[in-house]
Amino acid sequence: MTSAPPPEELDPDALKAVTHPLRRRILGVLSAGPATATKLAQTLGENTGATSYHLRELARFGFVEDVPELARGKERWWRTRRRDIRWPRRSEQSAESRMLFDDMQRQGFEDDLEKLNRFAEQREELPGGWPDALLFARGGTWLTEEELQQFWQDYMELFRRYWRTEGDRSPEARRVLVRWLAFPDPGE
0 MTSAPPPEEL
10 DPDALKAVTH
20 PLRRRILGVL
30 SAGPATATKL
40 AQTLGENTGA
50 TSYHLRELAR
60 FGFVEDVPEL
70 ARGKERWWRT
80 RRRDIRWPRR
90 SEQSAESRML
100 FDDMQRQGFE
110 DDLEKLNRFA
120 EQREELPGGW
130 PDALLFARGG
140 TWLTEEELQQ
150 FWQDYMELFR
160 RYWRTEGDRS
170 PEARRVLVRW
180 LAFPDPGE
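One point on numbering: in numbering that gives the first Met the number 0, the residue at position 15 of the sequence shown is 14, and numbering is uninterrupted.
Simulated from the structure, these hints should not be mistaken for laboratory data.
All values derive from a computational prediction rather than experimental measurement.
A hint or two may mislead.
Claimed, not checked - In silico BS3-like pairs for lysine-lysine, Cα to Cα no more than 27 Å straight-line:
hint	residue 1	residue 2
1	K38	K114
2	K73	K38
3	K38	K15
4	K15	K114
Can you build the whole structure from these sequences, using the hints too?
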């Protein structure tokens, strides 16, 4: 099993780089496996010049990397770089960073909901026990700010224990999307 990379906090320039809409779409495609700029352009309905430029920008900030073992001639393959990214605390972000982060978070929720809906539509076609693989829990509890931070750290340790790379997974494994969300009840 590959160990999870150490947590790292992004600076505002990296945040700006990763919140670009086409770059987010590129990262979404690459999360399923390596691709060339040409393949990304075809998949995303963009031109190769645009995908090449945005891949280089993502690489500059460490979000993607070359896959030299797949290269043939001038063909350059890219993959996401496994990172445990942590965002600066909201109170420590600039107004511009907050706006970028809020937009990225909103888009992330929309993307997640779209993926959940697609799973629901296709789940009966999945083999084995995968149609039953929508694990869901919903609840609430009373926590202090410190306890909520500890809850988050405990969750991240559990997630990191199960971290796998594509090359380290078993043949039966599927990519599983895991989301964790906690926030104070606005009704109080």
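Between K38 and K15, is the straight-line Cα distance small enough, at 27 Å or below?
-> 25 Å, holds
Is it true that the CA of K15 sits at most 27 Å from the CA of K114?
-> 24 Å, holds
Would the pair K73 and K38 pass a check requiring their Cα atoms to be no farther apart than 27 Å?
-> 14 Å, holds
Take the C-alpha atoms of K38 and K114, compute the straight-line distance between them, and say whether it is at most 27 Å.
-> Judged against 27 Å, a Cα distance of about 21 Å means the pair holds.
In this structure, none of the earlier numbered hints is contradicted; all agree with it.
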